[in-house]
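If you're matching them up, the sequences are chains U and F in order. The first sequence runs 1 to 381 under our numbering. The second sequence runs 1 to 153 under our numbering.
Honestly, I wouldn't trust all of these hints.
To be verified - Listed next, the in silico DSS-like pairs over lysine-lysine satisfying Cα-Cα at most 27 Å (straight line): (1) U:K64 / F:K45; (2) F:K139 / U:K215; (3) U:K246 / F:K45; (4) F:K82 / U:K299; (5) U:K246 / U:K50; (6) U:K299 / U:K246; (7) F:K82 / F:K45; (8) F:K82 / F:K139.
What the hints contain is simulated information worked out from the structure, not anything from laboratory work.
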Amino acid sequence: MTADIVRDDMPPSEIAGDEEQLVVNVGPSHPSTHGVCRVVVHLDGETVTKAEPVIGYLHRGIEKMAENRTYLQVVPLTDRLDYVGSMYANWAYCRAVERLAGIRVPERAEYLRAIVCEMQRIASHMMSLGSAAADTGAATMFIYAFDERERIVEAFEELCGARLTYNYVRPGGVSFDVPEGWTDTVLEFCRNHRTALDTMDRLYFGNVIARQRMKGIGVLSAEDAVAWGASGPVARGSGVNWDLRKHDTYSVYPRFDFDVPTGSNGDCYDRARVRLFECYESCRIIEQAIAQMEPGPIKASGMPRLLAPRPGDAYDHIESARGSLGVYLVSDGSVRPYRMKVRSPAFCNLALLPLLAEGHMLSDLVVILGSLDPVFGEVDR
Amino acid sequence: MNITELREHLCATYPDLCPLFSIEFGDGVLAVDSERLSEAAHNLKDLGFDRLGMVTAVDRPTRFELVYRLHSRSMSAALVVKCTVEREDPRVASLVDLWPAALWQEREVYDMFGVVFEGHPDLRRILLPEEWEGYPLRKDYQDKTLIRRPDYI
Numbered sequence: 001m002t003a004d005i006v007r008d009d010m011p012p013s014e015i016a017g018d019e020e021q022l023v024v025n026v027g028p029s030h031p032s033t034h035g036v037c038r039v040v041v042h043l044d045g046e047t048v049t050k051a052e053p054v055i056g057y058l059h060r061g062i063e064k065m066a067e068n069r070t071y072l073q074v075v076p077l078t079d080r081l082d083y084v085g086s087m088y089a090n091w092a093y094c095r096a097v098e099r100l101a102g103i104r105v106p107e108r109a110e111y112l113r114a115i116v117c118e119m120q121r122i123a124s125h126m127m128s129l130g131s132a133a134a135d136t137g138a139a140t141m142f143i144y145a146f147d148e149r150e151r152i153v154e155a156f157e158e159l160c161g162a163r164l165t166y167n168y169v170r171p172g173g174v175s176f177d178v179p180e181g182w183t184d185t186v187l188e189f190c191r192n193h194r195t196a197l198d199t200m201d202r203l204y205f206g207n208v209i210a211r212q213r214m215k216g217i218g219v220l221s222a223e224d225a226v227a228w229g230a231s232g233p234v235a236r237g238s239g240v241n242w243d244l245r246k247h248d249t250y251s252v253y254p255r256f257d258f259d260v261p262t263g264s265n266g267d268c269y270d271r272a273r274v275r276l277f278e279c280y281e282s283c284r285i286i287e288q289a290i291a292q293m294e295p296g297p298i299k300a301s302g303m304p305r306l307l308a309p310r311p312g313d314a315y316d317h318i319e320s321a322r323g324s325l326g327v328y329l330v331s332d333g334s335v336r337p338y339r340m341k342v343r344s345p346a347f348c349n350l351a352l353l354p355l356l357a358e359g360h361m362l363s364d365l366v367v368i369l370g371s372l373d374p375v376f377g378e379v380d381r
Numbered sequence: 001m002n003i004t005e006l007r008e009h010l011c012a013t014y015p016d017l018c019p020l021f022s023i024e025f026g027d028g029v030l031a032v033d034s035e036r037l038s039e040a041a042h043n044l045k046d047l048g049f050d051r052l053g054m055v056t057a058v059d060r061p062t063r064f065e066l067v068y069r070l071h072s073r074s075m076s077a078a079l080v081v082k083c084t085v086e087r088e089d090p091r092v093a094s095l096v097d098l099w100p101a102a103l104w105q106e107r108e109v110y111d112m113f114g115v116v117f118e119g120h121p122d123l124r125r126i127l128l129p130e131e132w133e134g135y136p137l138r139k140d141y142q143d144k145t146l147i148r149r150p151d152y153i
C-alpha cells in the first residue's frame, strides 16, 4: 500500500475512544488499483471501516469532445474508453448511430462484429483474471492468462493493424474484411484456448491459497446487485441471470447456442470464476459464428461521407466484458452529435466498492477491487 | 414484453401516466413533470422496474432534460423517463432511496450539469476536482482550452 504524503483533501486521522482510526490512501498510482483509482481507506487496525473510491484521474472529457466532432470522428474516441475492450465501445456507439440514422448493417459485418467482440471478451477476461491473480501473488496465472490474451491481440493486429485501439467497428459495418486464413487461426485458437482454460481452472481456482483469498470475500447479494445497477460478471457472480446477449438480444446473437454462467455466492471467487466460464461460452459463439458466416459485403451501401441523422435521441447497448455498455446519442440534425453519453458498466460496478469492502481486511480490498474489474478509461471517460 | 404490451400494462395499472407515454426510436418514453418525478418513479418501481440503468441530462436551449433509463427483469422491458428542469437553479428529487445506482450517476450529472438532486446524501463532484469552476457539459461552458473544430463542409 502506498501510504503516501498527506494531501489537503484527505480527512485527518480520527481518534475515537481509545481506538485510533487510521486513514490511508491506496493509489492513485498503485499496481493493484488497475489504473488510476485512489481509495481513501479508513482503518480500524487492519479492518476497513470505510473505503471511498476517488475517481476522475483519467477524465478526458470524451463526452464533451464528441460534441465537437462529426459522427465518424467519434469512433476513435470510443476506442479510448475501455482500452482493454475497445471493440465493445466501438460497437455500442455504432449501434446508437445506426439506430439514429436508420442504417441497415450487412449480415457479414454483424457476424464479424460478434466474432471480434467475443474474442475481445476472452482477451478482457484474461487481462482481468491475470492481473487480479497477480494482485494476490499468483504470478503463474498472470503469465498463462497474458499468453492467451497475446494470441487474440495478435489476431486483431492481423485483422485491423492495431493491438489496442482498433477503430474496427464503424457506423454501417466494419473497416476490413478478414485476411486469408484468419478464421482458421481463430478456430485453432479456440481449440487450444479450452485446454488453457482447463489448466488455469486447476492452477488458480483449484489453488488453496487463491480459494482462501477469494471465497467469502466481498459478498454481494443478488438484491444489491440489481439495486446498485451492477451488470456483467459482477451481477452474474451473485446469481443475477442478466446478459443482454440473451435477455435483450441484439445483432446475430439469437442464432447462437450458448449458456450464461452464473455464480451463487456473489463473492470474489464466483465473480472471477464466472469470467473463466464465459470464455468457454465465447469460444462456442466464435465457432458457431465462423461456421454460419457467409461471404458478402461488410459495409452498408449508400453510406454518406458525412452523417447527419434526423433530430432525436437513441440509446443502444451491448454486453461488454464488464456489463451492459450503452451509448445515448442526441442528434439535432447537424453533422455532430448534440450529446453523447456513455453508460459505463465499470463506473456502476465500482460504486459497489464501499459496500463490499466494509468489514474486510485491507489486503482483501485489493482482491475486491480486482474482482470488480474496473477499467479507468471507461470509469472516468 | 414489447412496447405495445408495456404501454397496455402501464395504462391498466396507472391510468394517469398513460397520456405521458410515447415511442421514440424504438424506446418507450414517459415524459413526466419534474415535480412528480419521485411519485412516478415509485409507481414504476412497484410496476417491476427494478434496475436504474442510466441517469443523464441533455442541455436543451432553454432547459435541462433529465433522462432516466429503467429496466425490468421480470417484464424484460426498458423504459425511458424524461423530465425537464429550468436552466436557472435546476433542482429535481433524488432517486437514491429507490435505486442506490443513482448515488454515483446523480453525482455525475451534478458534476457535469450542475443539476441539484434534492435528498441526495452525498452530492459532490465525482469526476472533476471539488474546486472546478463551471459545469463542462453545459453548452455555454467556457474554457480557454476548448477550441471549436472547423466545419469540413
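Mind listing which of the numbered hints don't hold for this structure, in increasing order? 1, 2, 4 and 5
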